[in-house]
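Q: Residue strings, one per chain:
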Amino acid sequence: MTLPEFFGCTFIAFGPPFALFVFTIANDPVRIIILIAAAFFWLLSLLLSSLLWFAIIPLRDVLAFGVFFSVVFQECFRYIIYRILRSTEQGLQAVAEDTRVTDNKHILSYVSGLGFGIISGMFALVNVLADMSGPGTMGLKSGTELFFVTSAAQALSIILLHTFWSVIFFNACDTNNYLHIAYVIGSHLFVSLLTLLNASELYTATLLTNYIITILTGLLAFRVAGGTSRSFKKFVTCQ
Amino acid sequence: MEKRVQAAAIWLLMLLHGAAVAQGERTRDKMYQSIVGAGCFRRLNGTHQTGCSSTHAGSVGVLHLIKVEADLEFLLASPPSPPYAPMIPPHLFTRQNLLRLIEAGPKNISVVLLINKPDSMKQFSHELNCPNQYSSLNNSETCDASNPATSWNPWGTGLLHEDFPFPIYYIADTEEITKLEKCFEKFNNFEYETHALRSLCAVEVKSFMSAAVSSEVCIRRTRFINNLSGSKYCDPLEGRNVYATVYPRNIKTDDSEVNDIITRERFILVSCRLDTASMFDGVGLGAMDSLVGLAILTQVANLLRQLLPPQSSLPDTKRNVLFVTFNGESYDYIGSQRFVYDVERFAFPKASARRAPITFDNIEFMLDIGTLDDIANIKLHALSGTPLAQKLLQQLNSYAQSPRYGFNLNIQSEMSYHIPPTSAQSFLRRDPRFPALILNAKPANKYYHSIYDDVENVAFTYANTSQDFTMLLDVSNTKGFRADSLQMKVRNVSSIVAMALFETLTGKEYTGSKVANPVLSDEFFYCFLLSADCPLFKAASYPGSPKGLPMPPMRYVSVLGGPQESSGWTYRVLGYLLSQQQPKIPKDNCTVLPLHYFAGFNGAGECRLTTQNYSSALSPAFLIDDYDWRSGNYSTWTESTWSLFSARIFLRPSSVHQITTLSVGIVVLILSFCLVYIISSRSEVLFEDLPASNAALPPPTAC
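The listed protein sequences correspond, in order, to chains A and B.
Under the UniProt record's numbering, the first residue of the first sequence is numbered 1, with each subsequent residue one higher.
Under the UniProt record's numbering, the first residue of the second sequence is numbered 1, with each subsequent residue one higher.
If we strip away everything but chain A, and leave its shape as in the complex, we get:
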C-alpha cells in the first residue's frame, strides 16, 4: 500500500491552504460562509464547463477546447461573485462581528479566492489521490514515479494562484484597471494550457513556469493589497 505516498501528496497540496484556513478563516463565521459560497460558484462554473464538453461531442477528445472554455467560465463566475459580494457589502457589515472584513476590501477577495482555489485544487487532485491509495505507483506503461508529487505541487500552485487572482481581479474591477483583468485571464489561460504538456511528461518545464507565474502573480497581489518593499523590509526585520 502506498499510504505514505498518499499522505505525502495530500500534505503537499493541501497543507498550505489548510494553514491559511486555520489562521485566517476559521475564527470568523462570515469568512467561512464566503469561502463556501465561492467554492459553490466555482462548482457552478465546473458544471457549465462539463455541460459544454458533454454537448459538443466531436470536440470531446480535444482537451484544449475544454480547458479554454473552462477558464472562461471560471473567470465569468469570479466576476459574478465579485458583483454579489460588493452588492451584499452593506448587509455583511450589519451582521459581521469582526469589522475588518468590510473595512479591508482585500479580505473579502482573498477569502473568496481561497474558496475558489481550494475547490479547484480538490477537483484536480482527488481523482489522482483516490488512485494513489492502491498498491501501485505510476510508471508501468508510461509516466514516472514523480507523477504524484508533481500533481500535488501543481494543485498547490493552482490554489495559490486562484487566491492571488481574486485579489487582483476584485481590485481591478473596483478601480477599472483593465490591464490587471487581462493579466488574470491571460495567466489563468496560460497556466491551464501549460498543464496539457504534462501528457508528454515535461514536468520540469511546466512546474517551473507554473511556479514562476505563481510568484509573479503573488507579488502583484501583494502590491495590490497594499504591500510595498518598505513594508516587507519592516516585516522581515521585525520592526
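Quick caveat, the hints were computed from the structure, so don't treat them as lab data.
For glycine and all other residues, C-beta sits at the position ideal for the given N, C-alpha and C.
Incorrect hints may appear among the rest.
Quick look at which bits of chain A chain B covers, simulated, 3 or more residues with Cβ under 8 Å [said to hold, decoys possible]:
1. 17-27
2. 135-149
3. 158-169
Derived pair list, reagent style DSSO-like, types lysine-lysine, alpha-carbon separation capped at 27 Å [to be verified]:
4. B:Lys508 to B:Lys547
5. B:Lys442 to B:Lys391
6. B:Lys547 to B:Lys587
7. A:Lys141 to B:Lys587
8. B:Lys442 to B:Lys122
9. B:Lys232 to B:Lys67
10. B:Lys117 to A:Lys141
11. A:Lys141 to B:Lys179
12. A:Lys141 to B:Lys30
13. B:Lys514 to B:Lys391
14. B:Lys67 to A:Lys141
15. B:Lys182 to A:Lys141
Following the hints, put chain B in place on chain A, whose structure we already have.
A: Just chain B, lined up with the frame of chain A:
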C-alpha cells in the same frame, strides 16, 4: 523583440503539441494492467482446508521469473525486497519446490504464478498417489501410496490436498505471459542488490476465500442463528448423476404403492465417472482420467440399444441395462455414495420419475468403467474370483481376441483387494460381497487430475467427417481412422464390452459384424474437448435450441447453482442414443416425458421414447442431521465462496520513495503553518498602505 517573438512561437508550438497529445485518461488505467488467468481456490472437507486464498485486500508480490531451480534460491535465501511472486513453469512446479515456498512464509513469498510453458514438463499431477484414499476400501492392499507399483497415481504430488498460505494463479495465455516477462525484464531483472531502493514490477492477486478451517466450521457459520447477514461461507460440492436404461421401464400408475418394488426386475449396472478435477477454477478437461471412460460408456449404450432384440424376446424379459454416470467422484465418490444411500432407502429413482424403486436385489451385477489410460493393459478387477467374474472375463476375452474382429486385445484379471479408485468402491464399502466388476487399465496418465490432461494428452485430432455417427459400422469400415487413434481405441474397447453384455443378456454369442462407430467417438471427443457447439450436441438437443458455447463444457462437479454443463449434455446425449424413435407420433404430441423431441443427426427433428433422468449427487453427509464430520463415512467436501478472481501488474514503489514523499509533505505542512502564523499575526505591518480599492468606495454608512 525578435527573440521574444521566437520564444512566444516556441511556447505556442509546445502548447499545440500538448493539446494534440493530451487525452483524457484515468490515472489508474496508466498504473495497472490486468492479467487474465485462473485462480486456485479453497475446498474444505470434514477436517481440513485445502487450496489457496489471498489476503482480504489482495496479495502483492514482486515478480521474479524462475527459469531454473537455482533461481528459487535467490528468493529463499535472503530476498532483498520481499515479498516476491515467483513465476514458475510447470516442470518446476513440484511438491518439493512448493513446500519450500510455503516454508519461506507469506512474508517472503506472497503470490505464486504458474505460467503455461510446458516445454520441459514430464509430468504434472497434483492428485494424491491414492486418489480418494479415505473413502475407499480400508485395506492396505487397495492402494499403497509409498509403493509406486501398487498406487493408482504414481506421479501424483498430492498438492491438490495441501493448504497454501498464498494464492496460486495460472496464466495460460502466451500474450499475458509475455506481458509479465517484459515487465520483469524492464524493471526487476538487473542489479538485484538495489531492489530495495527502486520501484519494482509487482503483481497483485485477489482471490479471498470466505471459508476457513473445515466444512464443519463453515457449515456451522453459514447455518448459525446469528448469521444475520445471510452470507454463505461455503457450499457443498453438488451435481447431478445421469442415468438411463436400454429398455424403458413401466410408468407407475397412481394407485400403486410408493415403495412398490418390482422384485423380478434385473439390472446390469454399467457405470463410469462424469466429473474431473484440477487445481484451477474452470480449467481442466480430464481427457484421459475420465472422459475416455465416459466415451466408452456412451458407445456401449449406443451399441446395446441397436444390437439388442426387444425386451420381450430376451430369455429373461425382466432384464435391463442401467447406465449411470456418477458426478463428483473425484471428491470422495459423492455421486456413487449418494446413489448407494438412495438405493438403500428405496429412493432411487426419485419419486418424481414415477418409476418403481430399484433395490440392491434388483442389481444383477455392476460393471464399472474406470480409467483406461492404456488399452493394451486393461484388467478386470473384482474383490474375489466369483464365477460371475470368470464368466464375464472369458466373454470379454473371446471377443477381444476373436480373429473375426481383429481387436487383438488381452484383458487380464485381478481378483484381490487391489481395487482401483472408481465408483465401485462405494458399493464394495457397503457390502464387500456386492458383485462389482471394474474395467481399469494400469495407470499411465502423468497428468491425472490436472490442467494438462487435455487434447494433447490423449492425442486427439478431430476428423470432422460430417457423417452419421449413430449408425453402427461393419468391423472392416474404419472411416479412415488410424488403428492407433483414440477413436479406434474407444471403438474397440466399447465393442468388446457391448458384445460381452449382449451375450450375457441374450445368452447367445454375438456373431454380427457390426461394431461401434469411430465417428461417434470423434464427435464425442470434439464436443467435450474442443467445443460444445458441435454436431452431436446439436443432434441431441431440441431442434432450434440455442447453440452450445464454442468451448468445452466444464466438467468440475461444482456447487448448487453451478453451470452443470457436462451433466446437462450427458443427459441429452444418453437420452438421444438410448431412446427409440416413434415415427408415428407428431411433434405436437411429443411434449411429455418420456416422449422427447430431438433435432437428430440431420436436424429434421424426430420424436423418441426416452429413458434418461437425473439423480442428485449431493453427499449424504449434508442430509443427515448431526452428521459426525470426522467419521469419514461420506464425502464432506465443500467449496469456499469468493467474490472475485483478479490479477494485475503495476510498479510497486520503493519504500525510499514513499518515505521521501511523506517527509516532503510533512515538511511542507509544518513550514506553511509557521509561515502563515507569522504573516497573519503581523499582517498590519506587511500591508501598511491604505488599500486603493477602499479609497474608491464610498465610506460605510453609520450603523
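Q: Hints first: check each against the structure and report whether it holds.
A: Against the structure, the hints come out as follows:
Check result for the region 17-27 of chain A against chain B: holds, 6 residues qualifying (beta carbon to beta carbon below 8 Å, three or more required). Taking a C-beta to C-beta cut-off of 8 Å, the region 135-149 of chain A contributes 13 residues in contact with chain B, enough for the three needed, and the coverage statement holds. Look at the region 158-169 of chain A against chain B: 0 of its residues bring a Cβ nearer than 8 Å to a Cβ of that chain, fewer than three, so the hint is violated. Only pairs whose Cα atoms come within 27 Å are accepted, and Lys508 of chain B paired with Lys547 of chain B is rejected, the gap being roughly 43 Å.
A distance of roughly 22 Å separates the Cα atoms of Lys442 of chain B and Lys391 of chain B; the hinted pair therefore holds under the 27 Å criterion. Using a Cα cut-off of 27 Å, the hinted pair Lys547 of chain B and Lys587 of chain B holds, with the two alpha carbons roughly 21 Å apart. Under the criterion of a C-alpha separation no larger than 27 Å, the hint pairing Lys141 of chain A with Lys587 of chain B is inconsistent with the structure, at around 61 Å. For the proposed pair Lys442 of chain B and Lys122 of chain B, the alpha carbon gap of about 19 Å is at most 27 Å, so the pair holds.
Between the alpha carbons of Lys232 of chain B and Lys67 of chain B the distance comes to roughly 41 Å, so the proposed pair goes past 27 Å and is violated. As the CA atoms of Lys117 of chain B and Lys141 of chain A are separated by approximately 25 Å, the hinted pair is consistent with the 27 Å bound. Distance hint between Lys141 of chain A and Lys179 of chain B is fulfilled; the C-alpha atoms sit about 11 Å from each other, no more than 27 Å. Only pairs whose Cα atoms come within 27 Å are accepted, and Lys141 of chain A paired with Lys30 of chain B is accepted, the gap being roughly 6 Å.
Of the pairs offered as hints, the one joining Lys514 of chain B and Lys391 of chain B holds, with about 23 Å between alpha carbons and a cut-off of 27 Å not exceeded. Taking the CA atoms of Lys67 of chain B and Lys141 of chain A, the gap is about 25 Å. The hint holds against a cut of 27 Å. Note on Lys182 of chain B and Lys141 of chain A: the hinted pairing holds, with a Cα-Cα distance of about 11 Å set against a maximum of 27 Å.
When the structure is compared with the earlier hints, violations turn up for hints 3, 4, 7 and 9 and for no others.
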